[in-house]
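Visitor: If you're matching them up, the sequences are chains A and B in order. Sequential numbering of the first sequence, starting at 4, is according to my numbering. Sequential numbering of the second sequence, starting at 8, is according to my numbering.
No lab work stands behind these hints: they were computed from the structure. Note that CB positions come from ideal geometry on N, CA and C, so glycine has one too. Mixed in with the good hints there might be a few duds.
[Unchecked claim] Result set (DSS-like, lysine-lysine): computed pairs, CA atoms no more than 25 Å apart in a straight line:
#1 K60/A x K81/A
#2 K81/A x K10/B
#3 K76/B x K60/A
[Stated by the list, open to error] Quick list of the computed label-pair ranges, beta carbon to beta carbon:
#4 T33/B x Y53/A: 37 to 45 Å
#5 L58/B x N77/A: 18 to 26 Å
#6 M18/A x E73/B: 53 to 61 Å
#7 D74/B x D74/A: 19 to 27 Å
#8 S16/B x R83/A: 32 to 40 Å
#9 K76/B x Y104/A: 14 to 22 Å
#10 E88/A x G107/B: 29 to 37 Å
#11 K45/A x P28/B: 40 to 48 Å
#12 S69/A x A24/B: 28 to 36 Å
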Amino acid sequence: EPEVTQTPSHQVTQMGQEVILRCVPISNHLYFYWYRQILGQKVEFLVSFYNNEISEKSEIFDDQFSVERPDGSNFTLKIRSTKLEDSAMYFCASSELEGAYEKLFFGSGTQLSVL
Amino acid sequence: DAKTTQPPSMDCAEGRAANLPCNHSTISGNEYVYWYRQIHSQGPQYIIHGLKNNETNEMASLIITEDRKSSTLILPHATLRDTAVYYCIVRSNDYKLSFGAGTTVTVRA
Numbered sequence: 004e005p006e007v008t009q010t011p012s013h014q015v016t017q018m019g020q021e022v023i024l025r026c027v028p029i030s031n032h033l034y035f036y037w038y039r040q041i042l043g044q045k046v047e048f049l050v051s052f053y054n055n056e057i058s059e060k061s062e063i064f065d066d067q068f069s070v071e072r073p074d075g076s077n078f079t080l081k082i083r084s085t086k087l088e089d090s091a092m093y094f095c096a097s098s099e100l101e102g103a104y105e106k107l108f109f110g111s112g113t114q115l116s117v118l
Numbered sequence: 008d009a010k011t012t013q014p015p016s017m018d019c020a021e022g023r024a025a026n027l028p029c030n031h032s033t034i035s036g037n038e039y040v041y042w043y044r045q046i047h048s049q050g051p052q053y054i055i056h057g058l059k060n061n062e063t064n065e066m067a068s069l070i071i072t073e074d075r076k077s078s079t080l081i082l083p084h085a086t087l088r089d090t091a092v093y094y095c096i097v098r099s100n101d102y103k104l105s106f107g108a109g110t111t112v113t114v115r116a
């Protein structure tokens with residue numbers, strides 16, 4: 004079965020540094036998402052992306068965050084200046100709307116640790 | 008999106024059916040019921056979805072009541088690998104998929 008691939012699986016960074024989390028969505032999918040999960044908490048929506056632009060974003064997705072689909076296969080999440088509270092597991096997801104419902108496929112995540 | 012209510016946890020014996028309830032009394036006509044699960048530290052995994060009719064696939068069965076105010080996910084023969092957090096989510100395609108706290112299912116040998 005096709006899968007969403009995320010790299011790296013673990014990222015350690017110093018507070019204030021920029022990080023880029025990378026995702027390769029399933030090849031024929033058109034809709035892309037980032038979610039995050041702080042340890043012990045719920046999976047939280049960050050942003051959705053379609054047709055090369057953000058379609059929806061949450062309050063968490065402030066000016067420190069950005070997303071990009073640089074080359075038609077990768078989908079990246081950039082955090083410009085990381086904070087301690089950005090430490091979390093970040094999940095990328097993609098979907099191809101099928102009729103009236105949508106099935107999201109999630110990657111295995113990138114564990115970000117901000118020191 | 009309609010709010011859902013799930014029990015926080017439940018245990019199930021290996022090899023037995025696991026029946027996971029979900030209440031969604033404020034569901035509206037164009038909203039689907041989705042079930043996802045998250046095995047420890049992994050990304051959420053789609054299980055099944057439905058609108059009005061009962062559904063079955065290779066992973067599970069979904070029973071939706073006639074008034075659509077509640078549903079039950081059935082894992083027919085639970086295995087240890089089914090231990091996970093199970094999320095019942097109600098949404099229309101106009102809105103993002105939002106995860107609640109889910110039900111932590113522990114399958115015991």
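Visitor: Compare the structure with each hint and give your call.
Guide: Now for the hints, and whether the structure bears them out:
no.: 1; hint: K60/A x K81/A; result: 14 Å, holds
no.: 2; hint: K81/A x K10/B; result: 31 Å, violated
no.: 3; hint: K76/B x K60/A; result: 29 Å, violated
no.: 4; hint: T33/B x Y53/A: 37 to 45 Å; result: 28 Å, violated
no.: 5; hint: L58/B x N77/A: 18 to 26 Å; result: 34 Å, violated
no.: 6; hint: M18/A x E73/B: 53 to 61 Å; result: 54 Å, holds
no.: 7; hint: D74/B x D74/A: 19 to 27 Å; result: 49 Å, violated
no.: 8; hint: S16/B x R83/A: 32 to 40 Å; result: 39 Å, holds
no.: 9; hint: K76/B x Y104/A: 14 to 22 Å; result: 19 Å, holds
no.: 10; hint: E88/A x G107/B: 29 to 37 Å; result: 22 Å, violated
no.: 11; hint: K45/A x P28/B: 40 to 48 Å; result: 20 Å, violated
no.: 12; hint: S69/A x A24/B: 28 to 36 Å; result: 46 Å, violated
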